[in-house]
Amino acid sequence: MSQESNSGNWRQAGRSLAIIASNAPVECRDRFDLEGLVAAIKRLLTIEQTEIQTDAMRALVPFLTSVERIQVLNKENMWMALLRASLRSGVPLLEQFCANLLQTALDAVPGAVQFSREAMMLLAELSRKHHEQQMNLCFNRQNPF
506 MSQESNSGNW RQAGRSLAII ASNAPVECRD RFDLEGLVAA IKRLLTIEQT
556 EIQTDAMRAL VPFLTSVERI QVLNKENMWM ALLRASLRSG VPLLEQFCAN
606 LLQTALDAVP GAVQFSREAM MLLAELSRKH HEQQMNLCFN RQNPF
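Using my numbering, you'd call the opening residue of the sequence shown number 506 and step up by one each time.
Because the hints were derived from the structure by calculation, they are not lab data. Note that the Cβ used here is the ideal one computed from N, Cα and C, for glycine as well. Mixed in with the good hints, there may be bad ones.
[Said to hold, decoys possible] Computed beta-carbon distance windows for the label pairs:
no., residue 1, residue 2, range
1, I525, N641, 30 to 40 Å
2, M625, N514, 29 to 39 Å
3, A544, T609, 47 to 57 Å
4, G616, F644, 30 to 40 Å
5, C533, L611, 37 to 47 Å
6, A518, E553, 17 to 27 Å
7, F644, I524, 12 to 22 Å
8, N514, N645, 15 to 25 Å
9, E573, P530, 30 to 40 Å
10, P530, N645, 37 to 47 Å
Build the full structure now, drawing on both the sequences and the hints.
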């Protein structure tokens, strides 16, 4: 794939790869080059387009069920890339999707997920932002009476 991030061809090819990876049957998932796929997903997360980021996040779902795959995500520092992308997007749906992916990984394989210090800081920022959004919703509701 072209390394030029402005290339529409790269975006579409990367997005197609993410969709194929997320929809692949279980028996076919082991045929993917995991490191290459993770690198492509990581690159897609940097593209500030909600649909592309959503497809990239969906492609991570099959990685969340095994220790080996989570270790690949750890090695590639995917958690930081995922958190950074969701925070930069400013889209509450992507932020929630990111939180759900992290929770799924933590629940599926306890102790396998490794966060860097920067990833922990981003997670704290995501939590703070979510809390502020919830507080704003509570205070900005109009009294119906």
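A quick look at each hint next to the structure:
no., hint, result
1, I525 with N641: 30 to 40 Å, "holds (39 Å)"
2, M625 with N514: 29 to 39 Å, "holds (36 Å)"
3, A544 with T609: 47 to 57 Å, "violated (22 Å)"
4, G616 with F644: 30 to 40 Å, "holds (39 Å)"
5, C533 with L611: 37 to 47 Å, "violated (26 Å)"
6, A518 with E553: 17 to 27 Å, "holds (18 Å)"
7, F644 with I524: 12 to 22 Å, "violated (40 Å)"
8, N514 with N645: 15 to 25 Å, "violated (43 Å)"
9, E573 with P530: 30 to 40 Å, "violated (18 Å)"
10, P530 with N645: 37 to 47 Å, "holds (46 Å)"
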